Amino acid sequence: MIDAALIWEWIIKSLILIIFLTVGFMYVTVYERRFLARIQSRIGPNRAGPFGLLQPAADGLKLIFKEELIPANADKFIFLLAPIITVIPALIVLAVIPWGEAMVIFGRQVNLFISDVNVAVVYIMAVTSISVYGITLAGWSSNNKYALLGGLRATAQMISYELALGLAFMGPVVLAGSLSMVDIVRAQQSSLWYVVLQPAAFLIYFFASIAEINRAPFDMPEAEQELTAGYHAEYSGMKFALFFMAEYIKMIAISTIGATLFFGGFDGPFVDQIPWLGPIYLLAKVVIYLGVLIWVRASWPRIRYDRLMQLGWKIMFPLALLNVIITAVVVVLVN
Amino acid sequence: MPVIGTIFYAFLAIVAVGSALGMLINRNAIYSALFLVLNFATVAVLYLALGAPFIALSQITVYAGAIMVLFLFVITLLGAEKLPGYEPIKGHRIVAIGLAFVFIAELVLFFFFRNQVTGPIPLIGPEFASPRNIGVLMFTEYLLPFEVVAFILLSATVGAIMLTKPERKSTTKLSQQQD
Amino acid sequence: MLNQWLYIGIFFIIAMFLPAVAIFLARLLSPKKPTKIKNSVYECGMETFDPTWIQFKIQYYLYGLIFLIFDVEIVFLFPFAVAYGNLALFAVVEAIIFILILLGGYLYVWRKDALTWQ
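Protein chains in written order, with my numbering: chain A, 3 to 337; chain B, 821 to 999; chain C, 42 to 159.
Hints in this document: simulated from the structure, not taken from any laboratory. Bear in mind that the values here come from a model prediction, so they are computed numbers and not experimental data. Idealized CB from N, CA, C, for every residue including glycine. Some clues are possibly wrong.
What the hints assert, rightly or not - Listed next, with one range per pair, are the computed distances between beta-carbon atoms: (1) A:S192 / C:A129: 20 to 30 Å; (2) A:I327 / C:Y149: 47 to 57 Å; (3) A:L55 / B:I834: 26 to 36 Å; (4) B:I834 / A:G51: 45 to 55 Å; (5) C:N44 / B:V837: 46 to 56 Å.
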């Protein structure tokens with residue numbers, strides 16, 4: 003039953019996860035800028051603190067002290083609401099990810115997840131589908147033509163790739179026989195990681211999730227050359243920072259979900275004996291996954307919008323559907 | 821615990837009814853749509869409280885995630901941000917008020933007669949609405965409705981194309997020339 | 042099971058504080074000196090003309106409709122994927138028929154050239 007100590011435990015866990023994501027967002031920006039710079043034979047920001055590690059603090063402070071402009075004809079309430087409802091889905095999608103085995107901390111048995119629900123994968127789908135609103139509303143409320151066009155493009159792109167994303171989840175779910183993330187990790191502990199058993203699903207997930215968070219090479223909505231900055235063209239100061247933060251937290255989120263669904267999550271050698279290795283393994287996998295995302299950004303040019311939509315509808319979606327059918331048939335034949 | 825449950829339910833009910841009213845009364849179409857999203861979300865939380873998480877999340881995915889996005893498209897595409905104050909169809913307010921009275925009468929009747937109609941609700945186990953149970957039921961007991969859904973969706977696809985696809989002879993030629 | 046949703050609720054409420062606090066802090070600390078030019082719409086230095094909220098391309102709506110239909114299909118497939126181990130072969134065939142019917146709809150949409158962005 004619920005008691006006060008249990009509620010406190012969850013409040014503390016939630017705070018830890020949110021602080022971790024905020025700090026993680028700051029350092030992913032540094033990671034991206036440094037790594038991108040190395041790929042392009044530059045050095046990147048290295049002046050603020052050792053190795054540029056204080057750069058995000060400097061950026062954050064600068065953005066707090068910047069004036070926030072609201073365009074004269076904008077819809078002021080929705081203009082303020084849009085960054086907030088962009089950040090929240092990015093944060094709460096991680097509530098269903100397990101970070102490790104249950105541990106004993108201060109004599110208490112503590113589960114290392116916010117929540118283990120039996121519909122976790124559908125929860126991820128639901129939260130992803132909600133995250134469209136912030137961007138659409140930001141584009142609409144600014145009363146700027148570039149912003150509106152960017153917002154509409156982003157929405158159409160996100161819904162197009164959401165189908166492939168949902169179908170890519172289906173492979174691990176069929177193999178594990180459960181929608182709970184904890185069960186999916188357990189199933190991978192007892193068999194192989196699903197990236198081996200479901201390589202097609204992983205590739206579809208990888209690209210569809212990049213398109214879903216509007217990252218390069220699918221960053222059409224904010225294509226600088228044609229749309230200035232897309233849906234956040236009119237945003238400045240802290241509200242702009244919130245959009246920026248949502249984008250990077252979404253990067254962390256898709257890396258974590260991908261690592262959990264396809265790379266065994268907190269699974270790794272000796273994790274049964276030493277439980278605190280679990281979060282470290284997960285973190286290592288997420289950092290590598292993020293590195294690949296940055297590498298993708300550095301290597302591929304942005305693709306044209308009509309090709310982007312065609313890729314989503316004519317290649318990714320039928321492939322994902324085919325993958326579901328083949329997985330179902332193969333599982334039947336093996337059993 | 822029952823007191824907290826009642827307060828929780830009352831809060832959700834007020835938000836749900838309030839957002840529905842807000843959606844009806846607001847003249848700005850975007851605000852109406854957002855009120856409707858809020859309404860869907862509250863109803864989803866109610867489903868959760870009833871122990872049906874899969875239904876709740878489907879509600880969010882399909883209604884808030886797909887149908888409302890469609891509405892937002894329509895609103896942003898039609899550019900109709902504010903409705904005119906007059907009646908588009910003559911006399912539709914009178915008909916609407918009449919229908920509303922019929923509906924309220926129905927609710928009142930149901931409220932007074934429900935005890936005779938329904939017996940005590942049987943208790944359900946925690947696994948009742950789990951996705952696995954839903955799946956098993958869907959493929960054994962409710963197989964025919966499930967396949968009928970496929971045909972309804974198929975006809976919806978055809979309908980969608982019929983409604984939105986303009987005559988495409990000229991555009992096809994144009995795109996072929998461009999390629 | 043209900044407890045688990047309560048935990049997500051707690052997390053949700055705490056997550057709401059992050060953007061709220063950020064916006065509040067910025068409102069306290071940032072300067073506020075709006076002028077007419079600063080508040081004008083950004084359009085590469087040009088003065089903007091004509092309203093922004095005008096009629097737009099119908100194709101976005103078409104994509105929305107098709108998305109809705111296949112989204113419903115995916116939601117229906119989730120219980121199937123979970124219950125997979127508990128189902129007879131017959132049910133699996135039925136599920137594949139379900140997918141194939143919708144695949145027919147998908148092919149129809151493709152043939153009608155609705156998936157090509159114009």
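Hints, verified against the model:
Evaluation of the 20 to 30 Å hint for A:S192 and C:A129 yields a pass: the beta carbon distance comes to about 25 Å. Remark: the range hint 47 to 57 Å for A:I327 to C:Y149 is contradicted by a beta-carbon distance near 19 Å. A C-beta distance of roughly 49 Å is found between A:L55 and B:I834, which places it outside the suggested range of 26 to 36 Å. Checked against the hint of 45 to 55 Å, the pair B:I834 and A:G51 passes, with Cβ atoms roughly 50 Å apart.
Here the CB-CB span from C:N44 to B:V837 is close to 28 Å, at odds with the stated 46 to 56 Å.
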